[in-house]
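Asker: So the chains spell out like this:
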Amino acid sequence: METKLLTVLPYLASVVLLTVSFSVFGHDCIKQAYADSTVNLTIKFANETFQSNIINIGNGEKYTLSQEYSWVRDQTSRYNLQAYSIDNGPYVNIPRVARGNFTLDVPTDSNHEVTFLAAIQYPIEIVGIDSVSFTPPSPTNDNWFDINSDEQISVPYVIQSDDKNTREQLKGWSYDGEDAQQIQRLESGVFTTPQIHVSSSHSINFVYSTQYYLNLISEYGHVTGTGWYDSGTNATLSSISSDDFPIRHVFSGWNGQVLDQSKPITSVVMGGPMTITANWTVDYTPMAILGALVVGGVAGFAILYKKRRTKSSQETLFTRPMVSESAKAETAPVEDHSTVSARVSDNAYSKEIDDYVIQKSIDSLDLFEALGVLSKEKIAKIKENMAKRETD
Amino acid sequence: MVNEEDLVNRIVKIKSLREECFKYLESSNQGMLTRQLIYSIAKLTSEKMGPVKLAEISQDVFSISDKSKQDTIRLTIEKSLLKCGMVEKLKYAPNDVRYILTGYRFQKTKKIESFRGDSSDPVGEVFEIPRTSWPIPDDYFILRAKKEGHVEALKKLHSDYDSGHVQKGTYEILSHKLNDNLGRLTKKITTKYNDLDELVGK
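These protein sequences, in sequence, are chains S and R. The numbering used here applies: residue 1 is where the first sequence begins, and numbers increase by one. The numbering used here applies: residue 1 is where the second sequence begins, and numbers increase by one.
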């Protein structure tokens with residue numbers, strides 16, 4: 001009986017076949033061969049970033065260890081694989097990847113120990129813009145960063161839309177829900193934040209203002225107001241007649257949704273991109289005046305010439321050496337009374353307008369009292385300052 | 001230490017306040033010392049166009065400025081308004097400490113805890129300290145007044161020209177001059193006080 005049992009036992013041992021696949025807390029092992037004895041594979045995580053584990057494997061089996069690249073640390077952070085070492089040897093770097101599994105063929109000739117090194121990472125959430133650049137970039141090519149790194153975020157000052165007449169302009173940014181900090185608005189280039197130390201998760205909000213382009217078209221004269229304006233704001237338009245000669249072009253009105261189409265200075269509410277045209281009429285007055293002056297000049301010259309001829313012949317006839325008083329008056333340069341009075345009138349009117357500007361400026365301060373922005377005392381003080389400045 | 005630009009920034013930005021701090025502004029607390037101090041600091045800052053001393057606040061609130069009153073004010077500010085971030089303390093010298101409001105418009109916020117960490121949501125309307133107590137530079141009002149004066153003068157010029165009271169040449173010269181000045185004034189206002197003008201000038 002004993003002899004029979006000893007003969008059967010080797011056969012029983014040789015028919016033990018194992019094909020096992022299992023998964024324990026994030027790492028999987030696949031046994032792909034048969035074994036008749038086992039070895040231990042110890043999996044450790046430096047700094048206790050994960051629970052250690054011991055896996056029993058058949059001696060000489062092919063064994064592939066699989067570990068997730070990232071796993072949750074707490075509500076706002078995660079661990080990310082950096083390197084591994086076998087049997088306390090030097091660490092071997094692992095390519096930094098955010099998602100998926102890292103696999104490693106482990107020798108099963110004897111007991112071994114694999115140690116993983118992982119970095120703590122925090123996210124930086126970006127609000128207000130889709131595309132930003134981080135300096136230095138995320139090691140995992142997403143918006144997660146290793147603890148204690150210092151990051152700078154760059155965004156464009158202006159984001160042009162497809163239609164070329166609408167754009168977004170950066171006007172401020174805020175950090176972790178604090179009040180937005182206003183920044184100087186620029187037409188181009190990139191805004192870069194100060195260094196942000198990564199020791200927790202952060203949220204960065206970039207505040208952009210939608211802007212529309214106001215295009216003013218004018219065939220003559222000079223118009224101002226073309227440019228970019230914030231949505232909903234008032235844009236001021238103005239037109240100035242040019243000094244064309246002898247045919248002048250006079251502003252006759254605006255063509256568009258302006259507040260007052262007839263005034264050279266008006267405004268428009270920027271509800272979208274706009275094109276407004278300044279219209280002009282032709283004024284022939286300078287040409288007519290020039291024509292009249294030429295005709296008048298020729299006629300005057302002819303009359304003068306004729307008078308001199310007559311005078312000369314009379315002097316010869318009566319041999320009078322003295323020039324008569326009337327002739328003196330005729331030859332002396334004469335200033336037309338209407339020209340003098342017009343010049344005096346123009347100067348007086350200019351002075352009147354200057355005084356009007358000062359008076360209306362001072363009066364307009366009372367509006368601020370009505371708006372509840374200025375007190376009576378402060379208005380009086382400012383009026384005094386203004387009056388003093390004008391006197392100086 | 002505090003220039004005009006800094007003062008204007010304090011007016012323009014909206015300061016977020018937690019619910020327990022926002023109560024210092026509410027009208028139900030009108031008689032409270034904290035509220036009186038906020039309004040007094042605002043008023044005095046507007047008059048001086050700079051931070052104010054304890055003695056000045058004490059004189060304004062209690063009409064007297066002895067040490068016990070100053071201590072009461074200092075303790076009240078430090079225990080409540082400084083902690084809430086409503087008042088800033090500036091040390092000009094070891095014995096020269098002054099106070100200034102961190103903002104003039106406040107938004108009550110409610111704290112929300114979430115997976116991504118704590119955040120806050122605005123609650124209700126923005127509260128404004130009375131605008132007459134805002135430290136707005138005189139220069140801004142002068143520029144705005146001059147701009148208004150030029151706009152009115154242009155209207156008169158156009159009207160006088162339409163009714164034949166002014167000759168065409170004079171009209172053109174004056175129109176050009178007034179428009180030039182107006183452009184310069186508008187540019188200066190936009191450059192220096194754009195956000196302030198958006199807030200108070202419209």
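Derived by calculation from the structure, the hints in this document are not laboratory data. Check the hints yourself; a few may be wrong.
Restraint-style ranges between C-beta atoms, simulated for each label pair [unchecked claim]:
1. Lys155/R - Ser231/S: 47 to 57 Å
2. Ile64/R - Asp176/S: 41 to 51 Å
3. Thr135/S - Lys192/R: 54 to 64 Å
4. Thr64/S - Glu20/R: 23 to 33 Å
5. Glu187/S - Ile64/R: 51 to 61 Å
Computed list of lysine-lysine pairs in PhoX-like fashion (alpha-carbon distance at most 20 Å, straight line) [unchecked claim]:
6. Lys388/S - Lys376/S
7. Lys91/R - Lys351/S
8. Lys168/R - Lys187/R
9. Lys263/S - Lys155/R
10. Lys378/S - Lys89/R
11. Lys43/R - Lys351/S
12. Lys13/R - Lys89/R
13. Lys48/R - Lys360/S
14. Lys171/S - Lys43/R
15. Lys351/S - Lys155/R
16. Lys53/R - Lys69/R
17. Lys111/R - Lys43/R
18. Lys171/S - Lys53/R
19. Lys187/R - Lys177/R
20. Lys13/R - Lys171/S
21. Lys89/R - Lys383/S
22. Lys188/R - Lys376/S
23. Lys360/S - Lys155/R
24. Lys177/R - Lys188/R
25. Lys263/S - Lys188/R
26. Lys192/R - Lys171/S
27. Lys79/R - Lys263/S
28. Lys376/S - Lys43/R
29. Lys156/R - Lys351/S
30. Lys187/R - Lys381/S
31. Lys187/R - Lys378/S
32. Lys381/S - Lys168/R
33. Lys83/R - Lys110/R
34. Lys91/R - Lys110/R
35. Lys91/R - Lys67/R
36. Lys79/R - Lys360/S
37. Lys156/R - Lys263/S
Heads up, the beta-carbon is just placed ideally off N, CA and C, and yes, glycines get one too.
Asker: Are the hints correct? Go through all of them and say.
Answerer: Consistency of the hints with the structure:
no. : hint                            : in the structure
1   : Lys155/R - Ser231/S: 47 to 57 Å : violated (28 Å)
2   : Ile64/R - Asp176/S: 41 to 51 Å  : holds (43 Å)
3   : Thr135/S - Lys192/R: 54 to 64 Å : violated (33 Å)
4   : Thr64/S - Glu20/R: 23 to 33 Å   : violated (57 Å)
5   : Glu187/S - Ile64/R: 51 to 61 Å  : holds (56 Å)
6   : Lys388/S - Lys376/S             : holds (18 Å)
7   : Lys91/R - Lys351/S              : violated (52 Å)
8   : Lys168/R - Lys187/R             : violated (28 Å)
9   : Lys263/S - Lys155/R             : holds (9 Å)
10  : Lys378/S - Lys89/R              : violated (26 Å)
11  : Lys43/R - Lys351/S              : violated (40 Å)
12  : Lys13/R - Lys89/R               : holds (19 Å)
13  : Lys48/R - Lys360/S              : violated (28 Å)
14  : Lys171/S - Lys43/R              : violated (30 Å)
15  : Lys351/S - Lys155/R             : holds (16 Å)
16  : Lys53/R - Lys69/R               : holds (13 Å)
17  : Lys111/R - Lys43/R              : violated (31 Å)
18  : Lys171/S - Lys53/R              : violated (34 Å)
19  : Lys187/R - Lys177/R             : holds (16 Å)
20  : Lys13/R - Lys171/S              : holds (12 Å)
21  : Lys89/R - Lys383/S              : violated (33 Å)
22  : Lys188/R - Lys376/S             : violated (26 Å)
23  : Lys360/S - Lys155/R             : holds (11 Å)
24  : Lys177/R - Lys188/R             : holds (17 Å)
25  : Lys263/S - Lys188/R             : violated (23 Å)
26  : Lys192/R - Lys171/S             : holds (15 Å)
27  : Lys79/R - Lys263/S              : violated (58 Å)
28  : Lys376/S - Lys43/R              : holds (14 Å)
29  : Lys156/R - Lys351/S             : holds (13 Å)
30  : Lys187/R - Lys381/S             : violated (25 Å)
31  : Lys187/R - Lys378/S             : violated (25 Å)
32  : Lys381/S - Lys168/R             : violated (39 Å)
33  : Lys83/R - Lys110/R              : holds (17 Å)
34  : Lys91/R - Lys110/R              : violated (32 Å)
35  : Lys91/R - Lys67/R               : holds (19 Å)
36  : Lys79/R - Lys360/S              : violated (49 Å)
37  : Lys156/R - Lys263/S             : holds (12 Å)
In terms of the numbered hints stated before, the structure departs from hints 1, 3, 4, 7, 8, 10, 11, 13, 14, 17, 18, 21, 22, 25, 27, 30, 31, 32, 34 and 36, listed from lowest to highest.
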